[in-house]
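Each chain, written out:
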Amino acid sequence: MDNLIPLILGMAAVTYGPRMIPFFLISGTQLPVRVDAFLKCIPIAAIGALIIPGVFSAIPGSPLAVVMGMGFALIVGFWRGGIVIPVIGSVAAAYMVLWLSQ
Amino acid sequence: MIKDDIKEALKGGLPLFIGYVPPAIAFGILAKSCGISLLESFLFSAVVFAGASQFIALNLLMTGMGFGGIILTTLLVNFRHFLMSAYLSTRVGKIAKRLYFFMAFGVTDEVFSVLSFSKRELTPAYVFTLQMSAYTGWVSGTLTGFILGGFLPQILTQSMGIALYSLLLAILLPELKASIKAVILALASGLLNTLLVWLDLLPGGWNIIVCIVVIAFAGSFFMGVESSDSQSNKDGEEAYG
Numbered sequence: 033m034d035n036l037i038p039l040i041l042g043m044a045a046v047t048y049g050p051r052m053i054p055f056f057l058i059s060g061t062q063l064p065v066r067v068d069a070f071l072k073c074i075p076i077a078a079i080g081a082l083i084i085p086g087v088f089s090a091i092p093g094s095p096l097a098v099v100m101g102m103g104f105a106l107i108v109g110f111w112r113g114g115i116v117i118p119v120i121g122s123v124a125a126a127y128m129v130l131w132l133s134q
Numbered sequence: 247m248i249k250d251d252i253k254e255a256l257k258g259g260l261p262l263f264i265g266y267v268p269p270a271i272a273f274g275i276l277a278k279s280c281g282i283s284l285l286e287s288f289l290f291s292a293v294v295f296a297g298a299s300q301f302i303a304l305n306l307l308m309t310g311m312g313f314g315g316i317i318l319t320t321l322l323v324n325f326r327h328f329l330m331s332a333y334l335s336t337r338v339g340k341i342a343k344r345l346y347f348f349m350a351f352g353v354t355d356e357v358f359s360v361l362s363f364s365k366r367e368l369t370p371a372y373v374f375t376l377q378m379s380a381y382t383g384w385v386s387g388t389l390t391g392f393i394l395g396g397f398l399p400q401i402l403t404q405s406m407g408i409a410l411y412s413l414l415l416a417i418l419l420p421e422l423k424a425s426i427k428a429v430i431l432a433l434a435s436g437l438l439n440t441l442l443v444w445l446d447l448l449p450g451g452w453n454i455i456v457c458i459v460v461i462a463f464a465g466s467f468f469m470g471v472e473s474s475d476s477q478s479n480k481d482g483e484e485a486y487g
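In order, the protein sequences belong to chains A and B.
For the first sequence, my numbering assigns the number 33 to the initial residue and increments by one for each residue that follows.
For the second sequence, my numbering assigns the number 247 to the initial residue and increments by one for each residue that follows.
Excised from the complex, chain B in its bound form (with noise of 0.2 angstroms):
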């Protein structure tokens, strides 16, 4: 059964490790043009984990802005992940409240996005398994990227930025497939992100955090007969066991 667990994890996370070693060396990179030592790059890596926010800390940096600042602005960008670990703690069923522990540090956009699309129960082999492939392609790849970056040419580390993109939309393809009203969904999401964005009048990583809310309680009465639906009510009420 665990080893049933794992071999699926390993399925999935080969994926989310290879999608995350590109953006990692691109980050790796970054930190050692801005100037940061190698053991402090692979900390924000290795204790951090969160891609978006560990960018936006080195560009915040580089402005001059002072530590309580970037801290500040990291909690904004990250916020997000509350609402996911709120929707991935429904799926988890009854585990021993210290796993939970583990659980939460390696809930990432795309961690997440695997974890909640995949029909399996939420087991903990099965969910540590697939973060640590994550975790373990983020860390190389910084690694990787601080060490030999200066040797890659800039055109592959520039391409390298679609990675990030392109692992979320192979993801997210077999839900927009199963489902007209996911893609109606998704993209409307998307769309009022655009438009936050253009409008520029919430602080970093409060634009998402809206569209979550606004879209997935719209959805929450729009998708309601939907087959795929009934599918995750019943996996759900496994989970509860």
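So that you can see chain A by itself, here it is in the shape it has in the complex (with noise of 0.2 angstroms):
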């Protein structure tokens, strides 16, 4: 395997840059109401489509344990609220499918 140090700082520029640039391009600027409202809707938009549909080969070979474990979370989550326990009750469950399945 060739020295990777170089192609580890080139991939750390071209992530860094552009999560830097807007902070000096807009921090402190009054924004129009519609560019502001379009900002806003920005995480829901963004969750949805890191969501949806990689989840569905999360797991290559059992879309099963996949929706056992996205399952558990989606209730566990929405009944009881909280982040850790859903997160690993998901990875549990997924295991549980894959184990049962071997």
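FYI, nobody ran anything at the bench for these hints, they're computed from the structure.
Don't take each hint at face value.
Stated by the list, open to error - Residues on chain A that point at chain B, a partial pick, calculated with CB under 7 angstroms: (1) Met43; (2) Val46; (3) Pro54; (4) Ile76; (5) Ile79; (6) Gly80; (7) Ala81; (8) Ala90; (9) Pro95; (10) Val116; (11) Tyr127; (12) Trp131.
Said to hold, decoys possible - Now the in silico label distances, taken between C-beta atoms and shown as ranges: (13) A:Arg66 / B:Phe301: 35 to 41 angstroms; (14) B:Leu256 / A:Ala124: 21 to 27 angstroms; (15) A:Val99 / B:Phe347: 41 to 47 angstroms; (16) B:Ser279 / A:Val65: 50 to 56 angstroms.
The beta-carbon is built from N, C-alpha and C at its ideal position, and this holds for glycine as well.
Fit the two chains together into the complex; they arrive one by one in their own frames, and the hints show the way.
Okay, structure coming up:
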């Protein structure tokens, strides 16, 4: 394997740039209402697209493990809230499915 | 005040730490199996700190793609953070500009998600503590995976693949419970992304960017008179001082 340091530094630069520039462009300026409303919708739009459809191939070869894991996270997260238990529980549920179907 | 921020951030940060460890372990395992050194695996996570694109980079390396191509792909894949930082920068209020440099480093999907739905003012102490929790989980998980990965049963590492998604879902759920419009918007974004992935017209990463832009634009009309929205408007005004 070649020396990967140049690759890592290059990836770091192109990752950091887009994360940094908006802070200097936008912070402190009074944005038009329409732009502000647009920015406020970014979180939900982003998370929706980050989950779907990627989640369906989260565990290659076992859609059932995905359904059970995410189902657990959905139900527990909905009724009890919190993040730790839904996340750990989803891994455990997926593990159970894979273990049982071995 | 700062103490309070740190305490709250640790409360929000623990789930990020826990959520990041499993995929980071998976990354460490994959890096080792690709023949990458421990130091380089560590640097990937410690210097780049960008989940999905690190996995993509390893896959591309294995296909024999050159560094230039991988870096360009990384830029495309991670450009969505431009939009996320744009949102966050409206919420951080008036702080010293040099702090932006530090804050920007930790704008990952998951950190962004927690920050964006936090009702608190995004003070530097709060943001940094949250980011450090996530960062610690990501880096330590990578090392753990690299060193101990061989000892873990394969079905356990496979099932860990779900953690990033259940993490995002758990972060999003309170918003979905609070507003049916948020459910519609999130589902619309997922559907649009599914369509774009299926059509397979755009280079990696741009599907999500198109989804964010299109759905957030639609949402800016659609969400208008929402009560939770007026709440975040208020937060925004407070942040401006």
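Now the hints, each set against the structure:
1. Met43: Holds, about 5 angstroms.
2. Val46: holds (4 angstroms)
3. Pro54: OK, holds: Pro54 of chain A within 7 angstroms of chain B, min 4 angstroms.
4. Ile76: Interface hint status for Ile76 of chain A: holds (5 angstroms vs cutoff 7 angstroms).
5. Ile79: holds (5 angstroms)
6. Gly80: Gly80 of chain A check passes; min Cβ-Cβ to chain B is 3 angstroms, inside 7 angstroms.
7. Ala81: Holds. Min distance 4 angstroms.
8. Ala90: It holds, given that the least Cβ distance between Ala90 of chain A and chain B is near 5 angstroms, below 7 angstroms.
9. Pro95: Constraint on Pro95 of chain A not satisfied, violated at 11 angstroms.
10. Val116: holds (5 angstroms)
11. Tyr127: holds (4 angstroms)
12. Trp131: Cβ of Trp131 of chain A sits 6 angstroms from chain B, so the hint holds.
13. A:Arg66 / B:Phe301: 35 to 41 angstroms: holds (36 angstroms)
14. B:Leu256 / A:Ala124: 21 to 27 angstroms: About 24 angstroms separates the Cβ atoms of Leu256 of chain B and Ala124 of chain A, which means 21 to 27 angstroms holds.
15. A:Val99 / B:Phe347: 41 to 47 angstroms: The hinted range 41 to 47 angstroms holds for Val99 of chain A and Phe347 of chain B, with Cβ atoms some 42 angstroms apart.
16. B:Ser279 / A:Val65: 50 to 56 angstroms: holds (51 angstroms)
Hint check: a violation occurs at hint 9 only; the rest are consistent with the structure.
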